[in-house]
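Colleague: Could you slot chain B onto chain A? The hints should help.
Chain residues, written in single-letter form:
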Amino acid sequence: MAILVYIENIAGAFKKSGYEAVSYAKAIGDATGQPVTALSIGKVDAASLENIGRYGVNKVIEVNTEQLHQFVNQAYAAVIAEVAKSIQATTIILSNSFSGKGLAPRIAAKLDAALADGAIILPIIKGDAWEIKKSAFSGKAIATQELTAPVKVIALTPNTIEAVEAPTTVEIETFQPQVAAADLSTVVKDIVQATDKIPLPEANIVVSAGRGLKGPENWGIIEELANVLGAATACSKPVSDAGWRPHEEHVGQTGLAVSPNLYIAIGISGAIQHLAGVSSSKTIVVINNDPEAPFFKVADYGIVGDAFDIVPKLIDAFKAYKNH
Amino acid sequence: MKILVCISNVPDTTSKITFTDNNTAFNTAGIQYIINPYDEIALAKAVELAGNGQGAITVIHVGEASADPTIRKALAIGADNAIRIDARPRDAWFVANQIASYAKTQGFDLILTGRESIDYNGSLVQGYIAELLGIPSISIAKKLDIDGTSATVEREIEGGKEVVQIPLPAVVGTAEGVAEPKIPNMRGIMSARSKPLEVIAAVDVPALSHITHFDTPPPRGNVKLVDKDNVTQLVELLHSEAKVI
Chain A
505 MAILVYIENI AGAFKKSGYE AVSYAKAIGD ATGQPVTALS IGKVDAASLE
555 NIGRYGVNKV IEVNTEQLHQ FVNQAYAAVI AEVAKSIQAT TIILSNSFSG
605 KGLAPRIAAK LDAALADGAI ILPIIKGDAW EIKKSAFSGK AIATQELTAP
655 VKVIALTPNT IEAVEAPTTV EIETFQPQVA AADLSTVVKD IVQATDKIPL
705 PEANIVVSAG RGLKGPENWG IIEELANVLG AATACSKPVS DAGWRPHEEH
755 VGQTGLAVSP NLYIAIGISG AIQHLAGVSS SKTIVVINND PEAPFFKVAD
805 YGIVGDAFDI VPKLIDAFKA YKNH
Chain B
1356 MKILVCISNV PDTTSKITFT DNNTAFNTAG IQYIINPYDE IALAKAVELA
1406 GNGQGAITVI HVGEASADPT IRKALAIGAD NAIRIDARPR DAWFVANQIA
1456 SYAKTQGFDL ILTGRESIDY NGSLVQGYIA ELLGIPSISI AKKLDIDGTS
1506 ATVEREIEGG KEVVQIPLPA VVGTAEGVAE PKIPNMRGIM SARSKPLEVI
1556 AAVDVPALSH ITHFDTPPPR GNVKLVDKDN VTQLVELLHS EAKVI
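For the protein sequence lines, the chains are A and B, in the order given. The numbering of the first sequence is our numbering, which starts it at 505 and goes up by one. The numbering of the second sequence is our numbering, which starts it at 1356 and goes up by one.
Extracted from the complex, chain A is given alone in its bound form (with noise of 0.2 Å):
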């Protein structure tokens, strides 16, 4: 009995979220008195691979293997396997990131295990059933789903989990793994990273703005109010679909579920299908001059007004606020 964490890098860094899942890991394992072992896959040098220790988890094991330098998921998900097989791992945790939404399904078919994907609490440990609850139909329910086979494969919705301190120091062990031709048929040509914005999935902050803002060219006051609050950026559907901003940006049931823990939504009248994708942020602001645009039912703050008399005086107070 052992509990395997993969954590997920990306060009070499390990995210947020795979910091998110090694903790969660460690409190599962604390919980149930398993030793836990986290796993990299990749070119990470060695003081990240340390960093690990600061949530800590004591036992990292490393595969470095050229051929798995860029992510393949069908390679990746079978080195994760065999990794958990000879560590005799029945629970394996992973972060519900894009690249984690591939990997999960392979890895619980492998295992024969039961999957939940999306976790948002620690499980609930009932013996041999563990009780975990997920966000389902696009955050208008939450789901409580017990996992009865033996192995566990969990995969964590980032940011729900907040990636406590426990520093220890860290034993690194590499490991060989055996990657069959057949899993790397998968080629990545190019990877384009917008290194200087913050991934809207694992964003503290999200600064959204709707139809209200007239068109494209106006987004230069949300991008700015991003900007001073450290926020990722992100967009209604209508937005979206009339090509103002990229699809990537599109929050709600048809676009990205997120869950900041401050979500400032900018004359967006708030449809039913974009508040499912928002309504796990922790607190929501509305700012919109309708006073009576649904988007206020569920709000935590409101400014009824026009936002481009309102964003630009945000941005002076929050500024105002990061100086003092």
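Please keep in mind that the hints were generated in silico from the structure rather than gathered at the bench. Since the model is a prediction, treat every value here as computed from it, not as a measurement. Think of the CB as a built atom: it goes at the ideal place given N, C-alpha and C, for glycine as much as any other residue. Among the clues, some could well be false.
Just a few of them, taken from the derived set where beta-carbon distance is under 8 Å, the chain A residues facing chain B [said to hold, decoys possible]: (1) Ala645; (2) Asn765; (3) Tyr825; (4) Asn827.
Modeller: Showing chain B alone in chain A's frame:
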């Protein structure tokens, strides 16, 4: 080119979600069902790639006869034939096993699913199918081009995108950007009635987990309004009351 498009039958996006039987089952009363919006993108892409006799499109659905109108709509949009595996779609593992069991003997070049269904939001079916068939997969595709025996796919990653090339056959989960959903025309609707819809019995799949019950998210308190001429107050509230900045 032979394409399989996997279709989920989901509540319309405007549906109010409630539960019955002590919150153990989704309340289907008064719910309008639609093709899962991401699956509509998959279907539209299939029509682009194989429509007008350039290939063959099969749609597959795991579900009961009540989903037949949704399947007929997929035929009206442009699929050539449909398969319904007659079973209650218990979970993603069950559904994927049914689809893989059917697909393994059919020689599809490409299997498309939506990136996720808007009811259980799993994104799992495509990964499971690909693993069961031992073929490559891409979970969230933003762009998809087919070049003979391989596909070039732009997939979403946090804060960017990755361009990958995968050999066919492969499974691709489609998201916005891959194609514009298509509305069926009158000719499509008429011809859909006579296109073949074959009903197949399900295979046995042992359950590994199950949903025990549902909760609705706790309602938020009343909104606290801040005067538009006093935005500094909002900054103070976010700092001292909400503690989010």
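Colleague: Work down the list of hints and note, for each, if the structure agrees.
Modeller: Hints, one by one, checked against the model:
| no. | hint | result |
| --- | --- | --- |
| 1 | Ala645 | holds (5 Å) |
| 2 | Asn765 | holds (5 Å) |
| 3 | Tyr825 | holds (5 Å) |
| 4 | Asn827 | violated (12 Å) |
Hint 4 alone, counting from the list given before, is not met by this structure.
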